[in-house]
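In order, the protein sequence lines correspond to chains A and B. Position 55 (the first sequence) corresponds to 55 in my numbering; numbering is contiguous. So my numbering is basically just the index in the second sequence, starting at one, shifted up by 330.
Hint data in this document are derived by calculation from the structure and do not stem from the laboratory. Since the model is a prediction, treat every value here as computed from it, not as a measurement. No residue lacks a Cβ here, since even glycine has one placed at the ideal position from N, Cα and C. Each hint should be verified, as a subset may be incorrect.
Distance windows between CB atoms, simulated [stated by the list, open to error]:
#1 B/P651 x A/L289: 22 to 32 angstroms
#2 B/L443 x A/L290: 20 to 30 angstroms
#3 B/V518 x A/Q125: 41 to 51 angstroms
#4 A/V188 x B/H414: 53 to 63 angstroms
Sample of chain A residues lacking proximity to chain B, with all beta carbon distances greater than 12 angstroms (derived) [unchecked claim]:
#5 A160
#6 N198
#7 Q317
Straight-line Cα separation of at most 16 angstroms, EDC-like style, residue types lysine to aspartate or glutamate; simulated pairs [claimed, not checked]:
#8 A/K327 x B/D597
#9 B/K657 x A/E141
#10 A/K327 x B/E525
#11 B/K434 x B/D393
#12 B/K657 x A/E103
For reference, the chains in residue letters:
There are 2 protein chains.
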Amino acid sequence: RCFHFCKLPGRVMGIRLLRFTSVVIIVLLLVAGALTALLPTIKDDKLPNSRREPKTQSQSALDSFTLIMQTYNRTDLLLKLLNHYQAIPHLHKVIVVWNNIGEKTPEEMWNSLGPHPVPVVFKVQTVNRMRNRLQNFPDLETKAVLMMDDDTLVSAHDLAFAFSVWQQFPEHIVGFVPRKHISTPSGVYSYGSFELQNPGFGNGDQYSMVLIGAAFFHSRYLEDFQQQPEAVYALIDETQNCDDIAMNFLVAKHTGKPSGVFVKPVDIRNLEKDTNSGYSGMWHRAEHLLQRSYCVNKLVNIYDGMPLKYSNIMISQFGFPNYANHKNKM
Amino acid sequence: RCFHFCKLPGRVMGIRLLRFTSVVIIVLLLVAGALTALLPTIKDDKLPNSRREPKTQSQSALDSFTLIMQTYNRTDLLLKLLNHYQAIPHLHKVIVVWNNIGEKTPEEMWNSLGPHPVPVVFKVQTVNRMRNRLQNFPDLETKAVLMMDDDTLVSAHDLAFAFSVWQQFPEHIVGFVPRKHISTPSGVYSYGSFELQNPGFGNGDQYSMVLIGAAFFHSRYLEDFQQQPEAVYALIDETQNCDDIAMNFLVAKHTGKPSGVFVKPVDIRNLEKDTNSGYSGMWHRAEHLLQRSYCVNKLVNIYDGMPLKYSNIMISQFGFPNYANHKNKM
Numbered sequence: 001r002c003f004h005f006c007k008l009p010g011r012v013m014g015i016r017l018l019r020f021t022s023v024v025i026i027v028l029l030l031v032a033g034a035l036t037a038l039l040p041t042i043k044d045d046k047l048p049n050s051r052r053e054p055k056t057q058s059q060s061a062l063d064s065f066t067l068i069m070q071t072y073n074r075t076d077l078l079l080k081l082l083n084h085y086q087a088i089p090h091l092h093k094v095i096v097v098w099n100n101i102g103e104k105t106p107e108e109m110w111n112s113l114g115p116h117p118v119p120v121v122f123k124v125q126t127v128n129r130m131r132n133r134l135q136n137f138p139d140l141e142t143k144a145v146l147m148m149d150d151d152t153l154v155s156a157h158d159l160a161f162a163f164s165v166w167q168q169f170p171e172h173i174v175g176f177v178p179r180k181h182i183s184t185p186s187g188v189y190s191y192g193s194f195e196l197q198n199p200g201f202g203n204g205d206q207y208s209m210v211l212i213g214a215a216f217f218h219s220r221y222l223e224d225f226q227q228q229p230e231a232v233y234a235l236i237d238e239t240q241n242c243d244d245i246a247m248n249f250l251v252a253k254h255t256g257k258p259s260g261v262f263v264k265p266v267d268i269r270n271l272e273k274d275t276n277s278g279y280s281g282m283w284h285r286a287e288h289l290l291q292r293s294y295c296v297n298k299l300v301n302i303y304d305g306m307p308l309k310y311s312n313i314m315i316s317q318f319g320f321p322n323y324a325n326h327k328n329k330m
Numbered sequence: 331r332c333f334h335f336c337k338l339p340g341r342v343m344g345i346r347l348l349r350f351t352s353v354v355i356i357v358l359l360l361v362a363g364a365l366t367a368l369l370p371t372i373k374d375d376k377l378p379n380s381r382r383e384p385k386t387q388s389q390s391a392l393d394s395f396t397l398i399m400q401t402y403n404r405t406d407l408l409l410k411l412l413n414h415y416q417a418i419p420h421l422h423k424v425i426v427v428w429n430n431i432g433e434k435t436p437e438e439m440w441n442s443l444g445p446h447p448v449p450v451v452f453k454v455q456t457v458n459r460m461r462n463r464l465q466n467f468p469d470l471e472t473k474a475v476l477m478m479d480d481d482t483l484v485s486a487h488d489l490a491f492a493f494s495v496w497q498q499f500p501e502h503i504v505g506f507v508p509r510k511h512i513s514t515p516s517g518v519y520s521y522g523s524f525e526l527q528n529p530g531f532g533n534g535d536q537y538s539m540v541l542i543g544a545a546f547f548h549s550r551y552l553e554d555f556q557q558q559p560e561a562v563y564a565l566i567d568e569t570q571n572c573d574d575i576a577m578n579f580l581v582a583k584h585t586g587k588p589s590g591v592f593v594k595p596v597d598i599r600n601l602e603k604d605t606n607s608g609y610s611g612m613w614h615r616a617e618h619l620l621q622r623s624y625c626v627n628k629l630v631n632i633y634d635g636m637p638l639k640y641s642n643i644m645i646s647q648f649g650f651p652n653y654a655n656h657k658n659k660m
């Protein structure tokens, strides 16, 4: 019954080998069976291209974003806004950049009013600088950053939609506030919004910047910002302004495309008037807009060229808030 | 006066060499001067990312598009629309797919009313088929195709903008008419528009198709369409419908992304009622929508899966027609 196998020396060894081989085969079959059971179910039509279900326990780095909010002299607004923003879908963590030098953060009070949906870290600053919010915070774990001014309220719907848009345009600043530069025959640039003349490419207006005070962008741009010429930091510190213009220059230079993608907000509000501090924000200074034109020209010098590019793409959410907001006469 | 140079053998040769060298240097300086004069002026800020100035004499293949318009029994509308479309910016050529079998084309009359801004070719068909417009016409010289139904009027502004959007999304069908499919617990799909339930991904609606009767797409998709399973052609011929659904399946399968990008039209009109022919278009048939649901399910069988993906991106033109159509309370 043994055939040539038995003829080999070590017939005992042959049987053991046979048993061993059988055991190995059985184990492999069991492992394969277990793996098959673990295969994900393919549901192509149920997975929209850009949306992934949030993991309730921990948000993966690609599916969520970190809110970075710098604050100065408006702690009442900050806390009101934190109550709103802490509950936004896909939020991973909040980083509060505390520019109130020498003043205690509200961390104790915050903790006493827990639990909170996500962690909030208060980063105490040593100098009150506009560009403090553009540090490469080690607390950042997500690819996406949502940067908000401490007086701006954007609805959860707008943020959820804009985040999904950012996921489709991750190299752009995806946000709610578009601005533009225009060039003049003298070669001097001017900064502004829709009140300025259209840049003159076809009909309609164009924008060349999306402000970072209400926008999503990739966290790598914070790393990149640390590598800029000293003159950029000096400019931002000198004006306490223009960090957002500098970021748009950085992004445009990096991509060779328009830096921003404008998402038209349904519900965006400025809560400035609601503060008890009496402090009303840098943009009320008389020289604010002139400074920004000044910054555009300085940055063109520093970067030896104008990298900003124009876009006229305005994105809205299909069927929201009105279920047929795309209806037409056809 | 000659120093060591004169001491070298061939003093005459030394002087000739000196002269020769001087002449060479002078010539080089002149050439360098001429080249400097020819250097292009760098005007980065004047070139928007996606728009290129049309060449008035001949449109380059990337800067222009070909209009393909199929026509049946509505020659009066065709001619009215041709007068409009022939003057659209960036139009390279018009291809009229003549489905009026046995009937003379209006080519003679067309020529007698020349000159025309662009060439118009009448492609006489032998059989009246819906999918005739999806042939890979040798007359096609551009990368972009604009396909229009012969009863649809879209404004030049909308078309110019949508073309610029297509240039930024060349692998998608960029157009004005969004539709969707929904799946049901039974696994059977249904076709429709906003009146159907939202697919249920977050709030708002989604679309999974952009109809080709008013859209830009890449001409390579016409090549690809020739390579489809026979069953697809049989389905389209059987229903005299669904060629556009088939194209969306094709594109979605090819890209793995949503097939279309919806551009919200400012001015789109259906001229059906204006025709003298009394012919009112296929979509008035009682079974039209049911057929399209039928087609969706048949195509899922043919392609062994549902490749369509959802999108909720709606694109509008920034600052047009209202110069501040993006203004908000901020």
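Regarding the assertion that A/Q317 does not contact chain B, is the least Cβ-Cβ distance greater than 12 angstroms? Non-interface label fails for A/Q317: nearest chain B Cβ at 5 angstroms, not farther than 12 angstroms.
Holds or violated: A/K327 and B/E525, Cα atoms, limit 16 angstroms. holds (11 angstroms)
Given the hinted pair B/K657 and A/E141, is their Cα-Cα distance within 16 angstroms? Outside the cut-off at roughly 34 angstroms; violated.
Starting from the range 20 to 30 angstroms, see whether the pair B/L443 and A/L290 falls in it by beta-carbon distance. violated (57 angstroms)
A range of 53 to 63 angstroms was offered for this pair. Does it hold for the Cβ distance of A/V188 and B/H414? Violated: the Cβ-Cβ distance is about 42 angstroms, outside 53 to 63 angstroms.
Would you say A/A160 is clear of chain B, with no C-beta pair closer than or equal to 12 angstroms? Violated: least Cβ distance 6 angstroms, not greater than 12 angstroms.
Looking only at beta-carbon atoms, does the pair B/P651, A/L289 fall within the given range of 22 to 32 angstroms? holds (27 angstroms)
Between the alpha carbons of B/K657 and A/E103, is the straight-line distance 16 angstroms or under? The given pair, whose Cα atoms are some 37 angstroms apart, is violated under the 16 angstroms limit.
Within a Cα-Cα threshold of 16 angstroms, do B/K434 and B/D393 meet the stated pairing? With Cα atoms ~33 angstroms apart, B/K434 and B/D393 exceed 16 angstroms; violated.
If you check the beta carbons of B/V518 and A/Q125, does the distance land in 41 to 51 angstroms? violated (60 angstroms)
Does A/N198 really sit off the interface, with its C-beta more than 12 angstroms from all C-beta atoms of chain B? violated (7 angstroms)
Is A/K327 within 16 angstroms of B/D597, Cα to Cα? holds (11 angstroms)
Of the numbered hints stated above, those contradicted by the structure are hints 2, 3, 4, 5, 6, 7, 9, 11 and 12, listed in ascending order.
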